Amino acid sequence: MTFKAFIFGLLASFGFPWLVAVVIPFSKMRALEPVKYEEGDAATGVFIPKRDGRVTEGSKVYGQEGCYQCHTQLIRPTYAGNDVFRGEWAGLRKTLDNPDTRRETLAMDYQDEKVAHIGQSRVGPDLSNLGRRLEQSLKGTGVSPEDWVLQHLYNPRGVKNYRIGTQDLPERSTCPSKAGLFKIVDSYGAGGGLLPVEIEDGKGVQASDRARQLASYLTSLKKDTLGQPLPESLNTNPQAPVEE
Amino acid sequence: MAETTSNAESNDVALRASIDRSLRHPVMFFFTSGAVWLALAIVLGLVASAKKHSPEFLSCFSWLDAGKVDGAHMSALIYGWGAQAAFGIIIWLMARLSRKECTNAGTILTVGHLWNLFVFIGLICILSGNGSGIAYMEFPGFIWPLLIVCYLAITIWSLVQFQVRDAGHVYVSQWYLLAGLLWFPWIAVTAFLFVFVFDGHPVMATAIASWFKGSLFLLFFLPTALASAYYLAPKVTGRPVYSYNLALFGFWALAFLGPWAGMQKLVGAPIPQFLPYMGAAAMVLILIPAISVGLNILKTVHGHGDIVAESPSLRFTSSGIVLFVAYGVLSFVLHTVPAMKMTQFSYSGYGLDILGFYGVFSLCAFGAIYFIVPRITRREWLSRRFISWHYFLSLYGVASIVICAVVGGVTQGQGIEDVAQPFATMAERASQYGWGVTIAWAFLLFANLFFCLHLLLMWARLGRRSSHPTLLKGHHTENPHGPEGEIDNIGSASA
Amino acid sequence: MDHTRDNPLKRFTAFWVALLLVTAFGIACIILRPMTHAKVDSAMEAAADDRRAVRAEVDNAQRKNLNQSALDEAFKAKAVSLLKSEPKPGKVAVPKPAAEPEPASE
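Protein chains in written order, with the numbering used here: chain L, 69 to 312; chain B, 15 to 509; chain Z, 115 to 220.
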């Protein structure tokens with residue numbers, strides 16, 4: 069084996085996967101065709117997903133705080149896992165009030181983010197539709213999803229009103245507190261921006277900008293419809309094998 | 015005739031001594047600072063693991079928040095310890111095998127300090143919440159080009175040395191060294207450009223960062239470890255490598271599989287479907303190079319059980335190679351299509367990463383360090399007991415981490431797949447295994463405190479002045495390291 | 115020992131060859147720049163295309179329904195009638211201003 073043959077072998081054995089697994093998929097994925105509504109859809113024209121909240125900044129904070137270490141944002145297709153059928157991870161189940169909005173993750177679900185937070189491990193639940201779940205669960209309690217998320221970030225085991233099945237989430241949450249994103253301030257003169265959390269007298273808990281960005285991002289996670297009527301061509305809701 | 019042979023031999027010894035002397039400072043610097051980073055990375059790993067099951071642990075320090083500390087842990091382990099241990103091994107081994115003194119030790123030493131500085135800045139950024147927020151590439155964007163430039167300034171001299179080597183045999187170790195030296199910048203430059211510079215789809219950024227992590231291990235750390243094993247096994251036993259053809263096959267198998275691995279993390283993500291499955295297939299097939307390398311090295315040391323038992327270098331290296339075979343088998347099992355459903359988002363991936371990075375790479379690196387340091391410091395290791403403890407605690411710790419993480423991960427994944435089970439029940443079940451991982455990290459911490467202390471003492475030139483290497487069993491009249499093992503046979507130790 | 119392979123020139127060449135090799139895929143990224151930096155259609159662009167199509171349709175319809183000759187005729191007729199209604203001198207008394215102030219200097 070001469071030096072030249074060796075180097076050529078290395079260049080070829082690395083270059084082919086480099087081209088096929090990195091460069092070409094990259095150029096294809098950045099040129100995805102926009103999706104148009106078709107006959108029979110609830111709207112016309114081009115489907116432009118809308119996400120409320122400061123998605124770009126919030127997504128960055130989500131990454132920097134390492135939330136992706138314990139939470140995923142991926143509803144896998146049924147060939148790769150049962151995510152669609154777990155709880156309300158993939159969207160809302162069919163009830164009297166709403167249709168079945170569950171579906172698998174699409175490429176446009178990560179629009180406006182620098183990087184897709186697929187996630188490392190499911191120590192905590194999938195967050196693809198956290199905003200949707202909160203909206204549903206907090207209906208009628210008078211707590212806004214944003215406030216709930218802020219309280220959860222400050223003290224995950226102290227916040228009420230969110231139930232999974234028959235159990236209050238705080239009883240069993242193993243989420244670590246992100247108290248570093250909050251400041252303890254004098255409640256006198258702090259205005260109305262304090263969390264409804266009791267600490268020592270005369271003091272209150274105030275969310276920093278980063279906490280607000282993160283909360284805004286987390287409540288924007290409603291990937292089932294992306295804020296618009298979903299074109300039927302994008303509806304990746306598989307038929308559930310068994311209705312629970 | 016006999017006179018010329020002995021003359022050539024003494025020339026040879028003189029050349030080896032001068033090569034060791036020329037590389038003394040940079041290599042020692044890389045090993046000692048790497049060992050300190052390793053201890054730090056293990057502390058961070060312990061904290062990260064503890065927070066998975068006891069969320070209130072150390073919650074008073076917001077810079078040690080769960081999430082950030084995970085990223086800091088892996089970054090310190092890979093770039094603080096792994097990369098620096100690899101640099102030390104690469105520059106020493108390439109100089110020895112090319113039979114060339116290093117003429118750039120000053121540059122390498124200076125840039126080595128810069129490398130440490132940049133890794134440190136990167137870690138501060140991660141812990142202060144200013145990292146990139148990209149899984150596997152947590153250092154902020156500006157750190158990466160600096161690290162790549164440092165890498166080039168440290169290792170390019172080894173490529174030059176190889177090119178100007180005296181004509182003759184090219185060793186198996188040199189293939190791995192040469193390939194690893196080229197693969198690192200190819201992977202790192204591509205990943206940096208495609209993740210941080212080019213404006214693409216967010217899922218592709220994630221996919222390429224995963225590819226970076228997967229191929230960085232298989233194409234940089236693993237080749238470095240194997241280069242060291244292919245050097246030490248024949249050297250210490252005094253036998254040629256078992257089969258040249260098998261070595262050739264193992265090398266090219268790794269070269270063809272490595273660049274595909276990594277994207278298996280994204281099964282089911284909205285990217286072209288073949289990408290994650292190619293990654294998974296590569297991880298399944300990694301069993302092939304694992305078996306061929308394992309067979310080759312273990313056949314080389316076969317029948318020398320006594321040397322494996324008493325030489326610290328060979329004992330660590332052989333264990334690393336056995337664990338490489340275990341890595342291949344585990345990777346095969348965890349990446350089959352039915353298993354992927356359960357292992358994709360569970361602890362088990364972490365278990366496999368630690369098996370690869372600590373069990374394979376680090377054990378081989380320890381083996382190399384136990385061999386190299388006495389030669390460049392011209393002192394012998396102080397304590398047989400320290401080495402023994404380091405060995406047994408390491409082995410015990412890494413085995414516990416891998417078993418807990420993999421079994422816990424599969425339990426966890428199974429629980430998530432079974433939609434009739436509430437999520438919280440599954441999470442609680444998995445957290446039991448989290449405890450096991452935390453305790454295992456504590457074992458590794460003890461192991462590496464012994465190692466770090468021992469290495470720092472050697473660095474301070476407090477090693478034994480002796481011509482008898484430190485062996486793990488009683489004294490022997492015969493020196494298993496060959497004549498070269500006697501380090502004081504040329505010149506004075508003060509050089 | 116054979117030292118023929120080692121000389122400063124050889125080292126110099128080897129350095130540049132090594133540098134070229136390690137940066138090979140960085141250079142390849144630059145060569146393949148058209149693949150990674152080509153202009154792509156975003157959803158916003160596609161939506162803008164729809165708006166542009168509507169606009170073009172409106173413009174076309176307007177242009178098609180615009181009868182230029184009839185317009186010209188209508189203008190002409192109006193002009194003639196305006197000309198006819200032009201006041202003749204002496205018929206309307208225009209009061210003279212008593213004392214107009216001097217215009218300000220330019």
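Watch out, some of these pointers could steer you wrong.
Here chain L is said to cover these stretches of chain B; the calculated rule only asks that three of the stretch's residues, wherever they fall, bring their Cβ under 8 Å from a Cβ of chain L [stated by the list, open to error]:
#1 24-35
#2 39-49
The calculated lysine-lysine pairs, modelled on DSBU-like cross-linking and capped at a C-alpha distance of 30 Å, are [claimed, not checked]:
#3 Z:Lys153 with L:Lys96
#4 L:Lys104 with L:Lys118
#5 Z:Lys210 with Z:Lys198
#6 Z:Lys153 with L:Lys118
#7 L:Lys162 with L:Lys96
#8 L:Lys118 with L:Lys182
#9 Z:Lys202 with Z:Lys190
#10 L:Lys104 with L:Lys162
#11 L:Lys72 with B:Lys249
#12 B:Lys313 with B:Lys249
#13 Z:Lys190 with Z:Lys178
#14 L:Lys104 with Z:Lys153
#15 Z:Lys192 with Z:Lys178
#16 Z:Lys153 with L:Lys182
#17 L:Lys207 with L:Lys162
#18 L:Lys118 with L:Lys72
#19 L:Lys72 with Z:Lys124
#20 L:Lys72 with L:Lys182
Hints are computed from structural coordinates only; laboratory data are not their basis.
Predicted model only: the values in this text are computed from it and were never measured.
Ideal Cβ positions, reconstructed from N, Cα and C, are used throughout, including at glycine.
Original post:
Holds or violated: are the alpha carbons of Lys72 of chain L and Lys182 of chain L at most 30 Å from each other?
Top reply: 40 Å, violated
Original post:
Are the Cα positions of Lys72 of chain L and Lys124 of chain Z separated by 30 Å at most?
Top reply: 16 Å, holds
**OP:** Sort out whether Lys182 of chain L lies within 30 Å of Lys118 of chain L, counting only the CA atoms.
**Re:** 16 Å, holds
Original post:
Lys162 of chain L and Lys96 of chain L: Cα distance at most 30 Å?
Top reply: 36 Å, violated
Original post:
How about the segment 24-35 of chain B: do at least three of its residues have a C-beta closer than 8 Å to a C-beta of chain L?
Top reply: This one is violated; 0 residues, fewer than the three required, reach chain L with a Cβ under 8 Å.
Subject >> Pair hint Lys104 of chain L and Lys153 of chain Z, alpha-carbon separation not exceeding 30 Å >> reply: Status holds; Cα separation ~20 Å.
Subject >> Hinted pair Lys190 of chain Z and Lys178 of chain Z, Cα distance within 30 Å >> reply: 22 Å, holds
**OP:** Assess, step by step, whether the Cα of Lys104 of chain L is no farther than 30 Å from the Cα of Lys118 of chain L, and give holds or violated.
**Re:** Roughly 15 Å separates the two Cα atoms, so the pair holds.
Original post:
Holds or violated: are the alpha carbons of Lys104 of chain L and Lys162 of chain L at most 30 Å from each other?
Top reply: 26 Å, holds
Subject >> Pairwise hint evaluation, Lys182 of chain L against Lys153 of chain Z, where the allowed Cα distance is 30 Å at most >> reply: Satisfied, since the Cα-Cα distance of roughly 18 Å is no more than 30 Å.
Original post:
Does the structure keep Lys192 of chain Z and Lys178 of chain Z at a Cα separation of 30 Å or less?
Top reply: This hinted pair holds, its Cα atoms lying about 24 Å apart.
Original post:
Given the hinted pair Lys313 of chain B and Lys249 of chain B, is their alpha-carbon gap at most 30 Å?
Top reply: 14 Å, holds
Against the hints set out earlier in the document, violations occur for numbers 1, 2, 7, 18 and 20.
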